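Number of protein chains: 2
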Amino acid sequence: MAAPITIALDAMGGDFGASVVVPGAAIALERRPDIRFILHGDENVIAPLLAKHPALKAASEIRHTDVFVKMDDKPSQALRAGRYKSSMWQAIEAVKTGEAHVAVSAGNTGALMAMSMFCLKTMAPIDRPAIAGIWPTLRGESIVLDIGATIGADAGQLVNLALMGAALARAVFDIERPSVGLLNVGVEEIKGNEAVKEAGRLLRENESRQFTYHGFVEGDDLGKGTVDVVVTEGFAGNIALKAAEGTARQVASYLRAAISRSFMARIGYLFARGAFAALKEKLDPRRSNGGIFLGLNGIVIKSHGGTDAYGFAAAVELAYDMSRFGLIDRIRDTLPQTPALDTVAV
Amino acid sequence: MAAPITIALDAMGGDFGASVVVPGAAIALERRPDIRFILHGDENVIAPLLAKHPALKAASEIRHTDVFVKMDDKPSQALRAGRYKSSMWQAIEAVKTGEAHVAVSAGNTGALMAMSMFCLKTMAPIDRPAIAGIWPTLRGESIVLDIGATIGADAGQLVNLALMGAALARAVFDIERPSVGLLNVGVEEIKGNEAVKEAGRLLRENESRQFTYHGFVEGDDLGKGTVDVVVTEGFAGNIALKAAEGTARQVASYLRAAISRSFMARIGYLFARGAFAALKEKLDPRRSNGGIFLGLNGIVIKSHGGTDAYGFAAAVELAYDMSRFGLIDRIRDTLPQTPALDTVAV
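Order-wise, the sequence lines are chains D and H.
The first sequence runs 1 to 346 under the working numbering.
The second sequence runs 1 to 346 under the working numbering.
Pulled out of the complex, with its shape left as it was, chain D reads as follows (with noise of 0.2 Å):
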């Protein structure tokens, strides 16, 4: 059996904090027993909630400090009161002394990027690390990179984002050459603003050993799946995102709102309701709960701020398949074979 895996948590991190980190990562270690934690956070508070928690007790160890990053601080303020000293801090600094394998955080995302950026840096020939989601679709999954860091990327990065989501692809979904897509506003080549079009471009005329490049993708694409990876500037992947989610919501609240009109209908809901079950399941956001934050040397996992426990329990969960799929090594490996997009590397 391969050794244990070691996942530092910024316990304190999220609109909840250990309440919710805590009870996460007991669920995420019954379901994968060789996890050790290390706990960043304020021992009085994380002890009494682990002493209810047995088998997460005897695979965790508290590391105290008393100082936090609030969610709404600034990345620079979070910077400067928190730097060295604070739980978000420490969990990323156990990933850069190899302490841990990998770091997760439901704190506040600018200032988790920041201290990720300042404490792991980022590898060559990377200047911007992204943040990469899982997006469930009709065939399956998806990567969509970025979702909400790089802000105004330039073609040479939406490149490099093309290569990291495609080293993320073939570890996640275990593909060769995963096909990657540049979301854009139409299929043209003449479509889009001009990053875009000269990262299609460049993408088109440099053919890649590590993935197949599949031309413009639109936002329709996202859902159904059409390639492996779906490579965008960070402002409209984080917009698309939000989209997505609140257009899930809003279906599903209409469906409830149609169930309970007449009386018929509910007694269908009766009959039917494993199948909405089902279907509750499968738009769970909760499931696909985890921003993977890439670029940098050493994994570090974004969970959503307002989670329960069962999603972060998913963050845990994806933190610990990056480090089995020894993700960073991957996109380590990708980034330099490839020499005629390096030349446009940033």
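Because the hints were derived from the structure by calculation, they are not lab data.
Heads up, a few of these hints could be off.
The list makes no distinction among identical chains, and a pair is therefore deemed to hold if it is satisfied within one copy or across any two copies.
[Claimed, not checked] Only pairs whose alpha carbons sit at most 30 Å apart, straight line, appear in this in silico DSSO-like list of lysine-lysine: (1) K280 to K224; (2) K57 to K70; (3) K224 to K282; (4) K74 to K191; (5) K74 to K280; (6) K85 to K191; (7) K70 to K191; (8) K74 to K197; (9) K96 to K191; (10) K224 to K57; (11) K224 to K74; (12) K70 to K85; (13) K224 to K70; (14) K280 to K191; (15) K224 to K85; (16) K74 to K121; (17) K197 to K70; (18) K191 to K121.
These numbers come from a predicted model, not from an experiment.
Model the placement of chain H on the given structure of chain D, informed by the hints.
Below, chain H alone, put in the same frame as chain D:
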């Protein structure tokens, strides 16, 4: 009774041309009997179709031309080959000359926008027209603009979108001071790209009599209906729109799969089929077909190119409603009445 509305149709536009445009116009005429149509296109194609719809025939006039813009023509090609002569141009020109109140085309968006700008010209101080859509929300409907015309809008252009969107919302929803939000990746002032941050500052600091500025909204606020008008640059807006449409289709597909998986669920479906029919109608993309070109000296409505007669009828009805509302005059009245914001107009 008010005078009839005359609508100029590009009868050859769209994936299916007159075979969708003519029956679509017939459906719209049943619901809005005081429309007169001018059908621009090939008389040999249009006349036999029109013969099947006597009421429409009585309300229509054919203007023959055998020049058509193709769906994959670049805007420059379309202008070169189709200016003055094509069915698309002549439909727009009928608005310019005052023969028609509004033009509708299911043709290629880029060509339609280029011809509309060339023929109708933009309304001062607007330099780039926008495409607005009506977005179904949990609270009813919102206006979203731009959904594909102004790729890379700057701060001043975003402020103009707010003004035009507010005028449209006043017309469509009959609200005195609509609420306006700027689409962003977070609600805090420091979030987003430079254009969005600067537009947010301008809108915060310059109160408008035309609308209430709500602040930043995120992708999931679109479906919630948090504000009456969502302002965004066209690249992100187009991607958000298509991601939402794709997600709605994805959820509907999950639902069909869940229902058909078990006998009990299929029984349940029979009881609840009224509810499913209502849901299906609610999610029907044909109901909200029609992009409204804003910022021109005349109204042009873009129908989805791949829609059927019911979808095209929705675009015709939207065209009718916009004319009845006196949209152009309302926008024209709005723009100069806001001296504080005029200073940033481009």
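*Ascending list of hint numbers which this structure does not respect*: The structure breaks hints 5, 10, 14 and 15; every other hint is satisfied.
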